[in-house]
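Asker: If you want the building blocks of each chain, they are given just below.
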Amino acid sequence: MTTPLVKMVSITKRFPGVTANKDIYFELRPGEIHALLGENGAGKSTLMNILTGLYMPDEGDIYIRGTKVKFSSPRGAIESGIGMVHQHFRLVPTFSVAENVIMGSGDHGFFVNMKSVEEKLARFSGEYGINVMPGSKIWQLSVGEQQRVEIVKMLYRGTNIMILDEPTAVLTPQESRELFATLRRMADMGKGIIVISHKIQEVLDNADRITVLRDGRYVDTFSGKDTDSRKLTMAMVDRDISFGQNLADKPKGNFILRLKGLTVLGDRGQKALKSLSLNLCKGEILGIAGVAGNGQKELAEVIAGLREVAAGDIEVRGERFTGKSARAMIDAGISLIPEDRLGTGLVGPLNIMENSILKNYRSGEVASGWFINWKRVREYAHRLVDKFDVKTTGVDAPVRMLSGGNLQKLLLAREITNDPDVIVAVYPVRGLDVGAIEFVRNILLRQRDTGKGILLISEELEELFMLSDRVAVIHEGEIMGILDREDFDLERVGRLMAGEREEGAYERAANR
Amino acid sequence: MKDPLIVVLLSTAVIAGTPLLFAALGEILSERAGVLNLGVEGMMLVGAVSGYIATVQSGNHWVGVIAALGAGGMMAAIHAFLSVTLRANQVVSGLALTIFGTGLSAFLGKGYIGRPVPDVFKPVEIPVLSRIPYAGKILFEHDSLVYLSFLLVIMIWIIVFKTRWGLNLRAVGENPAAADSMGIPVYLTRYLCVISGGMLAGLGGAYLSLAYAPTWVENMTSGRGWIAVALVIFAVWHPGKAIVGAYIFGGVDSLGFHIQAMGDKALFLKDVSPFFLQMLPYILTIIVLIIVTSETKKRRVGTPASLGLPYDREER
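Taken in order, these protein sequences are the chains called Y and A. Each residue of the first sequence is one higher than the one before, starting from 92 at the first, in this note's numbering. Each residue of the second sequence is one higher than the one before, starting from 1460 at the first, in this note's numbering.
Among the clues, some could well be false.
Claimed, not checked - Here are the simulated DSS-like cross-link-like pairs (lysine-lysine), alpha carbons at most 25 Å apart as the crow flies:
| # | chain 1 | residue 1 | chain 2 | residue 2 |
| --- | --- | --- | --- | --- |
| 1 | Y | Lys228 | A | Lys1581 |
| 2 | A | Lys1621 | Y | Lys206 |
| 3 | Y | Lys211 | A | Lys1621 |
| 4 | Y | Lys113 | Y | Lys228 |
| 5 | A | Lys1621 | Y | Lys228 |
| 6 | Y | Lys316 | Y | Lys98 |
Please keep in mind that the hints were generated in silico from the structure rather than gathered at the bench. Note that the structure is predicted; figures quoted are calculated from it, not measured.
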């Protein structure tokens, strides 16, 4: 048997308050694509940051091609032929492709002749069948192209062990297929490829072997041929996934939120919503289906009072709320689970306590007059964290240290504890792993059952069909049709999403 | 033969602009590596006073220059330690150093105020070049430090844009995480750039006390360090544009002096308050900053992307 390219034995890494890696074993052979699978926060990135010399392990040994190594900085790892393509690319946007590739390396003389470097690079990337334009500036390139630059950069450095962190998260399906074809070519040339992922299907389709981590520990290594998605899921989450059952229709309450002929302008002054009408009842989940960018963002924002109404009316419980401020909307019981958790939803550098009271800092529960009672806030934050199982080192930790799933849990905890009547959830499970998705969906269903009205904006039809009582399809700022649960049909929704209007369907469902 | 007025004006603009140029070149190095140094004013003052003292004590102005380089470098090393290693706020650290430098230079220079410089930098005509009509007089009849500044502009331009070092140092200023992952020593690069930047600021100060003035007066930079910081923005972090900018500011700076010297020949300008004329460079600074920043914002060029941001490898 050939010597493994990488062997990591009994790796342990502790951060203040958490053990990110505990006694982990990992092995990479030449010529294989090896997936590192696990939920967010399972310790995949930490392990790879150790391999690339960014972190020093507290315990354990690393062997590269059978030789024991100890990296004190990324330089040592680079010299051993290890390269990593991070999720957030390590590129200088104002530099050209060629400049990004050669920076930090010493093999082109003191005075750099960019022309000859560019020619050399074009030839080099051609050998691997990767198409990059060495002269273009990084900021001019698409995300997929930038990722190719990262890969070329690694290859140019003589990387034999390439690590890719969630490489398909930012790619279209076509780009993803292309990426894996490139990776396969590289593996066939004898290189070792590690792909960090939490997407089970993608891993099954492309990886030769799969190592699963859970809660910072090693679970098992599977052969891609001999495993299936059920086994991998079990290994990843150690429990059977069951999404809450969405059973028969509940009796519908009254309209809680009505949008009447709402017209709203987008960021570039275009009409993002065109005379849109929609009714949300108590105790229902109304799904909004549509291709991203058809007015979903503006719809959520106008309901939350974050965007101006150009024409039309918003009614909450029959009362006119058009043009009211965000605070008025919050007080009216409207809650927004925004798309960008760390931009609109939470404040990264602030800690969990502070974030937990962003919306109810005025309430008697945590404030007395002008002053905030931090002792009560601490108790309050502890309650949220416990109740929603947010994994954290403490309520004093800045929220940007939390993983995506835990951010969303905290956000939901804050919103739902305020007991809103209407919840507008925008892509609430985007970027989350299986366990967190289950958690978020179950919360939405429970809230529906307690009589809240939920507007669920999602791009996954499967999810919408599973959770929604009705699905409205939005296209270019207009509702093309609204389907009841018994009428859910992929074909039909697909046609509506493409802009074909259904006569009658709209009126029937809207006026129910 | 008497030189035309414009030649005299431009020639003094070069001299008045030279201390600004040294300081601005230093600031370009520092900022290109991502460290904002607002301690320039303090570093210039400390450079000016140590250059002056060393020259008085040794009788040789080159000893003074070396002392100024060393003093500026040491001040900058404090800034580098605070802002790179300890990741302190760069603005606060820079301001603190300016205040510290102002006090320190006044303290050191106490016994020296008004004493003559034994070995002043004197103009040296460059053979051949100084015979070029107009340009020769404007550019090539100055002291050796002016010629040194010409060389530095070319050297820094080549290093920053044409060499491996420059590529690495710009990468550190744009995206230190990317540079680090490519094996570029981020902290070392930043230290070197900040310290050499401080040395140049010190040299700019010494130019004031050994060639321009030449004497020591408390607080003699009178805000030139701040103008140099603004000049870097005006020059979009480019040494070639910094020299042009420095001479424009130098020209405005010496305008008041010329107008006073001209007396009645200055026509209506003679009635303008000298205080107003002294104010001109600072007004120009504000105007230039407004225009240039709105322009660069539009074209998205210039500012090193990580300017002012400390780098921490294990930060997530």
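Asker: Now tell me if each hint is right for this structure.
Answerer: Now for the hints, and whether the structure bears them out:
Between the alpha carbons of Y/Lys228 and A/Lys1581 the distance comes to roughly 48 Å, so the proposed pair goes past 25 Å and is violated. Between A/Lys1621 and Y/Lys206 the alpha-carbon distance is near 12 Å, which keeps this suggested pair within the 25 Å criterion. Proposed proximity of Y/Lys211 and A/Lys1621 is supported: the alpha carbons are some 18 Å apart, at most 25 Å. Restraint check: the Cα-Cα separation between Y/Lys113 and Y/Lys228 comes to about 42 Å, which exceeds 25 Å; the hinted pair is violated.
Of the pairs offered as hints, the one joining A/Lys1621 and Y/Lys228 holds, with about 17 Å between alpha carbons and a cut-off of 25 Å not exceeded. The suggested pairing of Y/Lys316 with Y/Lys98 holds, with an alpha-carbon distance near 22 Å, which does not exceed 25 Å.
When held up to the earlier numbered hints, the structure conflicts with 1 and 4 and fits the remainder.
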